[in-house]
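**Q** Using the hints provided, position chain W with the ligand relative to the given structure of chain U.
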Amino acid sequence: MKSILLKDARIIDPSQGLDTKADLQIENGFITGISAGLQAQKNSEQYDLQGSVVAPGFIDMHVHLREPGYEHKATIATELHAAAAGGFVGVACMPNTNPAIDDTSIVRYIKERSLKVLDGLVDVYPIAAVTKNREGKQITEMAELSGAGVVAFSDDGSPVENAQIMRIALEYSKMFNKPIIQHAEEKTLTHGGVMNEGFISTILGLPGIPSIAEALMIQRDIMLTVYCGGRYHVAHLSTKIGLDLIREAKRNGLPVTCEVTPHHFTLQEEEVKSFDTNTKMHPPLRTQEDVDAMKEGLKDGTIDVIATDHAPHSYDEKEVEYLYAPFGIVGLETAIGLSISELVKPGILTLPQMIEKFTVNPRRILDLPHVMIKEGEKACLTIFNPDEEWTVDINQFKSKSKNTPFHGHKLSGKPVGIVNNNAIFIK
Amino acid sequence: MSLTSRHLLGLQGVPRDDIIKILDSAVSFKEVLDRPIKKVPTLQGKTIVNLFFESSTRTRISFELAQRRLSADIVNFAASTSSLSKGETFKDTARNIEAMKIDMVVVRHQSAGAPHFLSRIVEANVINAGDGRHEHPTQALLDIFTLREKFGMLEGKHVCIVGDILHSRVALSNIYGLLAMGARVSVCGPATMIPRGIEKLGIEVYYNIDDVLPQVDALNVLRIQLERQEGGLFPSLREYHQYFGITRERLEKADRPVTILHPGPINRDVELSADVADSEHSVILQQVLNGVAIRMAVLYLLSQVK
Ligand SMILES: [Zn+2]
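Chains as they are written, first to last, in this note's numbering: chain U, 1 to 427; chain W, 1 to 306.
Looking at chain U on its own, in the form it has when it is part of the complex (with noise of 0.2 Å):
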């Protein structure tokens, strides 16, 4: 189709070590050219860049889409518009839709709604359910399901809490090699909880979710992959002693990743005093000890991965009592402006290493091909501004739902666009 020209942008690609400023020409969805002073062929769409970064395309490794099932919070279609909006080419789902992605039904239908979107803008990775409809009893058909695309299990949204089939899981995905993810979470010490366990919540009288609940469950599935093998991936994970014990694994080699949210290196558990439900999630906001300590995580490494864990829920089901408040925010059109605001400007990650923690990590993680940004490779690009400030505004949200505690926040980094599947989206 078209040809496309990317001027006076600023190239990184921490694949090949590449930082520099050039232009940027694209034909037919892939690179054919990079350099100074490229000039404008005669139909081609010309973008000034000036200030931008051009990066590999960015993943969102922990999204719910809502669909199929709770199209009130959120659609395969609005959804995707956000992730286009947020500087994402593509985005892992997870599989507590109704029903969950627990066969390869759902796998092909919801691939098939995506592609319908933005000319295919956006790819989806479907993850499906470690077991059947999520209930914890039986694992999935995950051959199958691997053969039909997923990208890894899950039965996010709950934990997979019987030791056993946790067990099962690692060992049977072994023959694939895909990662099984867990919402790392000791249930039988949450029950009931709404906030992090702590000071905090005495003073509110809220029900508490501990820290340790969060590093039992590691711990424990650590213990597992030692024993059985298989990848495990700790989804959102919000506290220094869950993080000590992935660094600790990691040191023994073991294959053992994690990713952390943006809220969770930006806000601390203080946030809830305003008794705001958008301070309500699964982890809950922890520390200011545990927000460094996320910091110092992605800073050393042992944090592979930002992600946005990014969970629609309609303005009426969240405008109620603190206690009754479905946990989740939208993270979608925040993650980059956060990651530069509370990361990059700040000295903790410098641009290419908060780039690999949106694209390379993830992508290798899941196993997805790895893009580079080099003539002739597919064009598959996020593009943002890592000056532009801005203040958050829900009113401006692609999302169906607005659920955030950033709303009125000021940012610096902005998502410019992204390109992908011979498609552009610049905004």
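For the record, the hints were derived by calculation from the structure and aren't laboratory data. Quantities reported herein were computed from a predicted structural model and do not represent experimental measurements. All C-beta atoms, glycine included, are put in the ideal place defined by N, C-alpha and C. One thing to keep in mind: the hints can contain errors.
[Unchecked claim] Among chain W residues calculated to face chain U with C-beta under 10 Å, some are:
hint	residue
1	His109
2	Ala114
3	His116
4	Ile121
5	Arg133
6	Glu135
7	His167
8	Arg169
9	Gly197
10	Val283
**A** This is chain W with the ligand only, laid out in the frame that chain U set:
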């Protein structure tokens, strides 16, 4: 002469001067309650809604009586519903009631923060009559009022709150109010019922009632909820009574008289033995009368805040 806030959501952060204003005003209203005609026109023409999402006969009756004594018009709204059930949401209920042009809302709810939420969505003054395990400010004010009557002043007096601190809304409000008034505050209960970090509020924590008893001027004995035993936080009422029950025998070991408060209703011979509940050092019935006076004072003072 008016309070610094137009709502009473809790005692956390309420300035000492505001607490004193409420206590002093309650003294005058208590005099009214001693008159042959126990009614004043203070809130004539004002409409107050008692919005109870959790049943609490005592608190509701106390508020209702206070409102009647002040000549307010009253609407009682009791709902066992929460947004978990299919009924109307809390917000819709609140909006509907507001549409009827009401001036004040008294709210009791299972969820901490529900009064705070309400204060954001209605124009009326909001009074927290107990939110989850968070706060119950009028209960604490009446406890403090009762103690001030007894002791004259609270500076340096040691009040120990005994029982299930974790699930108590009375404990936190009492801690804030008593500390603001210069009292020494401690809590005592089974370790499973002492919430984490509570000592950071500037109070002492005891697990053995006999350790703290010799030092205290008053005990505020909380009601033990039977469902906590079912939740496994303590093994039996028998053992609870043995280790934390306030008995005459225990009290006799203290070298000074210990004033006994209880927010009611009492489980006799569980947290409090019958002879202690009815003893000369028990101020439990004064608390009930003072509750009406305190609530009159709170309603009156909040109605004055612009
Ligand atoms: Zn989760």
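**Q** The structure should be examined with respect to each hint, and the outcome stated for every one.
**A** Now for the hints, and whether the structure bears them out:
1. His109: holds, 7 Å
2. Ala114: holds, 5 Å
3. His116: This interface hint holds because 5 Å falls under the 10 Å limit.
4. Ile121: OK, holds: isoleucine 121 (chain W) within 10 Å of chain U, min 9 Å.
5. Arg133: Since the shortest Cβ distance to chain U is 4 Å, the answer is holds.
6. Glu135: holds, 7 Å
7. His167: Hint holds; histidine 167 (chain W) Cβ to chain U Cβ min 9 Å, cut 10 Å.
8. Arg169: Holds, because the Cβ-Cβ distance from arginine 169 (chain W) to chain U comes to roughly 6 Å (cut-off 10 Å).
9. Gly197: holds, 3 Å
10. Val283: violated, 26 Å
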